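Trainee: Using full-length UniProt numbering, you'd call the opening residue of the sequence shown number 1 and step up by one each time.
If you are wondering where the hints come from, they were derived from the structure by calculation, not from laboratory data.
Fair warning: this is a prediction, and the values are worked out from it, not measured in the lab.
Ideal Cβ positions, reconstructed from N, Cα and C, are used throughout, including at glycine.
Worth double-checking, as some hints may not be accurate.
Pairs of lysine-lysine residues, derived as BS3-like cross-links and limited to a Cα-Cα distance of at most 27 Å, are as follows [unchecked claim]:
{"id": "1", "residue 1": "K43", "residue 2": "K29"}
{"id": "2", "residue 1": "K16", "residue 2": "K57"}
{"id": "3", "residue 1": "K16", "residue 2": "K29"}
{"id": "4", "residue 1": "K29", "residue 2": "K40"}
Here are the computed distance ranges between Cβ atoms for each label pair [to be verified]:
{"id": "5", "residue 1": "V56", "residue 2": "L21", "range": "31 to 39 Å"}
{"id": "6", "residue 1": "W14", "residue 2": "E46", "range": "19 to 27 Å"}
{"id": "7", "residue 1": "G9", "residue 2": "K60", "range": "33 to 41 Å"}
{"id": "8", "residue 1": "R6", "residue 2": "K60", "range": "37 to 45 Å"}
{"id": "9", "residue 1": "D37", "residue 2": "V59", "range": "41 to 49 Å"}
{"id": "10", "residue 1": "D8", "residue 2": "V35", "range": "19 to 27 Å"}
{"id": "11", "residue 1": "A23", "residue 2": "K43", "range": "19 to 27 Å"}
{"id": "12", "residue 1": "A15", "residue 2": "P36", "range": "20 to 28 Å"}
{"id": "13", "residue 1": "K57", "residue 2": "P36", "range": "35 to 43 Å"}
{"id": "14", "residue 1": "F7", "residue 2": "K60", "range": "21 to 29 Å"}
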Amino acid sequence: MPPVARFDGAATMWAKSLEDLHAIFSDPKYNRIVVPDEEKFLKRSEAVPIVGWDEVKFVKEDMSRETE
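Please build the complete structure, drawing on both the sequences and the hints.
Mentor: Here it is in structure tokens:
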């Protein structure tokens, strides 16, 4: 069966805001040190960012009912 996705890897990055991510990727030190290393094992020109977020939700349990 062919792969579902057109890629064979992924990286997960966590930040408090999109502005924080932008600051990291536009930092001269990042571009001087990290980017040359990345180019050894991935095709940066084909990389696709996927941005999401976590939503923490709690459901209050109904404590008035006893379970058997």
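Trainee: Are the hints correct? Go through all of them and say.
Mentor: How the hints compare with the structure:
Simply put, K43 and K29 have alpha-carbon atoms about 20 Å apart, close enough for the 27 Å limit, and the pair holds. Taking the CA atoms of K16 and K57, the gap is near 18 Å; set against the 27 Å cutoff, the hint holds. Between K16 and K29, the direct Cα distance comes to roughly 20 Å. Compliance with the 27 Å bound is thereby established for this hinted pair. For the suggested pair K29 and K40, the alpha carbons sit about 18 Å apart, so the restraint of at most 27 Å is met.
Checking the proposed 31 to 39 Å range against V56 and L21 shows it is violated: the Cβ atoms sit about 20 Å from each other. Taken as a hint, the range 19 to 27 Å holds for the pair W14 and E46, whose Cβ atoms sit roughly 23 Å apart. For G9 and K60, the hinted distance range of 33 to 41 Å is satisfied, since their beta carbons lie about 40 Å from each other. Remark: the range hint 37 to 45 Å for R6 to K60 is upheld by a beta-carbon distance near 43 Å.
Restraint check, D37 to V59: a C-beta distance of roughly 44 Å satisfies the suggested window 41 to 49 Å. Remark: the range hint 19 to 27 Å for D8 to V35 is upheld by a beta-carbon distance near 21 Å. For the hinted restraint 19 to 27 Å between A23 and K43, the CB-CB distance of approximately 24 Å keeps it satisfied. In this structure the hint that A15 and P36 lie 20 to 28 Å apart at CB holds, the actual value being about 22 Å.
Restraint check, K57 to P36: a C-beta distance of roughly 41 Å satisfies the suggested window 35 to 43 Å. At roughly 40 Å, the beta carbons of F7 and K60 sit outside the given window of 21 to 29 Å.
Checked against the numbered hints given earlier, the structure breaks hints 5, 14 and satisfies all the rest.
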